[in-house]
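Protein chains: 2
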Amino acid sequence: MITTNARESRLYQSPLDFQDVQDIAIGCSFLGAGGGSITYVTELQLQQALEEDDSRITIVSPHDISDDALVVPCGWIGAPGVLLEKYPDGNEGIIGIKKMEALLGQKVDAVLPMEIGGQNGLSPLLISAKLNLPVLDCDGMGRAFPKGFMQVFNLLERSGTPAVLTNEHGHCVIIDDADNITLERLSRSTSVSMGGRCHKVSYPLWGSDVKEMVIPGTLTLAADIGRNLRIAGCRGQSSQEALFSALRATKDYRYAYPLFEGKIVDVSRRYQYGFSIGTVKIEGFGVNGDTSVIQFQNEFTAAWVNDELRATIPDIISIVDAETCEAIHVENLRYGQRVGVIACSTNSIFRSQKALDLLGPRQFGLQDEYRPVEALNQTTNHFGDAE
Amino acid sequence: MITTNARESRLYQSPLDFQDVQDIAIGCSFLGAGGGSITYVTELQLQQALEEDDSRITIVSPHDISDDALVVPCGWIGAPGVLLEKYPDGNEGIIGIKKMEALLGQKVDAVLPMEIGGQNGLSPLLISAKLNLPVLDCDGMGRAFPKGFMQVFNLLERSGTPAVLTNEHGHCVIIDDADNITLERLSRSTSVSMGGRCHKVSYPLWGSDVKEMVIPGTLTLAADIGRNLRIAGCRGQSSQEALFSALRATKDYRYAYPLFEGKIVDVSRRYQYGFSIGTVKIEGFGVNGDTSVIQFQNEFTAAWVNDELRATIPDIISIVDAETCEAIHVENLRYGQRVGVIACSTNSIFRSQKALDLLGPRQFGLQDEYRPVEALNQTTNHFGDAE
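Protein chains in written order, with the working numbering: chain A, 12 to 398; chain B, 12 to 398.
Don't take every hint at face value.
As the list claims (entries may be wrong) - Now the in silico label distances, taken between C-beta atoms and shown as ranges:
1) A:D318 - B:K97: 40 to 48 angstroms
2) B:K365 - A:S279: 44 to 52 angstroms
3) A:G181 - B:Q374: 23 to 31 angstroms
4) A:G116 - B:S77: 26 to 34 angstroms
5) B:K97 - A:K118: 34 to 42 angstroms
6) A:K118 - B:G206: 34 to 42 angstroms
7) B:D65 - A:G116: 33 to 41 angstroms
Unchecked claim - Listed next, the stretches of chain B that the computed footprint assigns to chain A, with coverage defined by at least 3 CB atoms under 8 angstroms from CB atoms of chain A:
8) 179-186
9) 194-203
FYI, nobody ran anything at the bench for these hints, they're computed from the structure.
Every residue gets a Cβ at the ideal spot worked out from N, C-alpha and C, and that includes glycine.
Next up, chain A with everything else stripped away, as it sits in the complex (with noise of 0.2 angstroms):
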């Protein structure tokens, strides 16, 4: 059960090589419910770092970081398709911190991904390998959401300020005070201001926080998927079984389900607020007419199957591919891909009222009150097998 007790992992026993890298990303992809940007250009930059001679990326436990270390949440706002044309230059990151540093007067001791979804669970390793820095093995979501403030750090009550936003052209705007709600309307404007999207280092944390207020494990959890399904695909053997493998393992994702397959036939996206919203509509592969759609607000919020409700945020949807179970990001899906449809449970704290009165499926515009993955889907054996 990686999740309740992150204090040993095989990411901890040497810096990571770029297959580690590699295998993180694919994990991410996945948790982070279509959201969280493509790794691609991320996984470039981190290759580039590790040829440097000196650049090492550390992975510790949450556990092993003093009680008075400063530890600072990173990663990217901003809606995910803005990556494809505008590309980071990988600094962003370094100057947040230093800024970070700078306001607080006290050296940064480690950073930690504010979201493990997509590029915001591996761009803190870029930071890890230019400033030297460990990254600890948690965020703050446990997948991805679309607003800052879904985060068990404001669930839990810490103040998100100061909150450092940067860009590649070095622009920097420092939100020094705010509630929570307000610090996400500040920060997704000046992400808009930037272009579309900006980095992000807020939500500082004492070492003694972090033993408390994170979700555990997930970078293991993350390079646990990527390698599963990387050797799976090696072996030729069943993709979906790898996959599941890796999240029964843990106390959080066990509840897993493939709630459908087929073919995408319909895209519909707009970028609005800041964000990537729309729907995305998949016909079943036989002869009977079935459909599944998903809605999307930068993250997957809920799936349907023939009209069924299946799915919701706050528990994870991901559209993967339905040959290799990669996922496939929200910016990337076209018509015409052959994908399967994965639903599965997320860490306790998400499901609680506190916190889908924030991030629950009415957030996004649904009717419907949030009903646990396992709920919905009772009639589904939850490693794929109908009953």
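Fit chain B to the supplied structure of chain A, relying on the hints for placement.
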């Protein structure tokens, strides 16, 4: 010539009383060219502040500040009409000054209006009253302009950062690093996220800068305009003559023209990109169908009479009450108002090609090259009599 020699002014003799404040307010409204927001709320706040025992507002010449003094321009950014619904609490500027002091590690020695127009000419007086800081008799625009970089400080290549944005909830955003054009974009989106309007402290200056980089004497000019109109009103004299008398005593504003008189028959106004944008149409009092059309983006940007262009930004266009000659802000324009349209010249620095590329008529959608108001009105005696 007030603006060539701002060493002497009766405003420097003793702390301001509320009569001075009201005079300055009336002058600021004229110089605001429709923008800068109504002064009424700030007048009330100043009245209250002056009634408190130890509050005093002192105005000093920019020549009398020491070279190493830290001096900061202050004012509001946002669509003018928002003030009608969203009231300031009077502490926004105080928080902004305190934060600027913390950022620069130095006490602020004096404030000045970032623009003399409307509320922005007045609000630094509130900071003066509350923090016992002197206000410099000068500003950054000599009028009001729609965007933050349309300032003499930007034209003379001062950096606008750090800039501190605050609102009535105590939220605080610092734009720490950005060129001046980006600073405006980031400030504008933050003002929108703060509800359409926020207070800004930016372009921190040294005392030595102030002597070369400001439009001098504009608080005194505003007071002169207000006093002239007040006295003319009491005596039943021509308010237009009283206004023009104050303007022609200056070097910058002495080319002043009454372009039109009539009744407002149409106001088209929308809020877009954080600005109040639109046009106003005025029909002459006579029977020959004369009309004037005036375009605005927070401030009036161009005025036509019978389809002939008669004035454009950066020259000042003001719509004034036909009887009192008091300026009517864009947010207060209404069908049926009996008004005069007045245009006058502006400081020559804003008529340079470098300035026109930033703030000339083409920046507001006009096809016309800038021509000075005195060139566009050669057939009109500049005190109002047709030749």
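* Among the hints numbered above, which are violated by the structure, and what are their numbers in rising order? -> none
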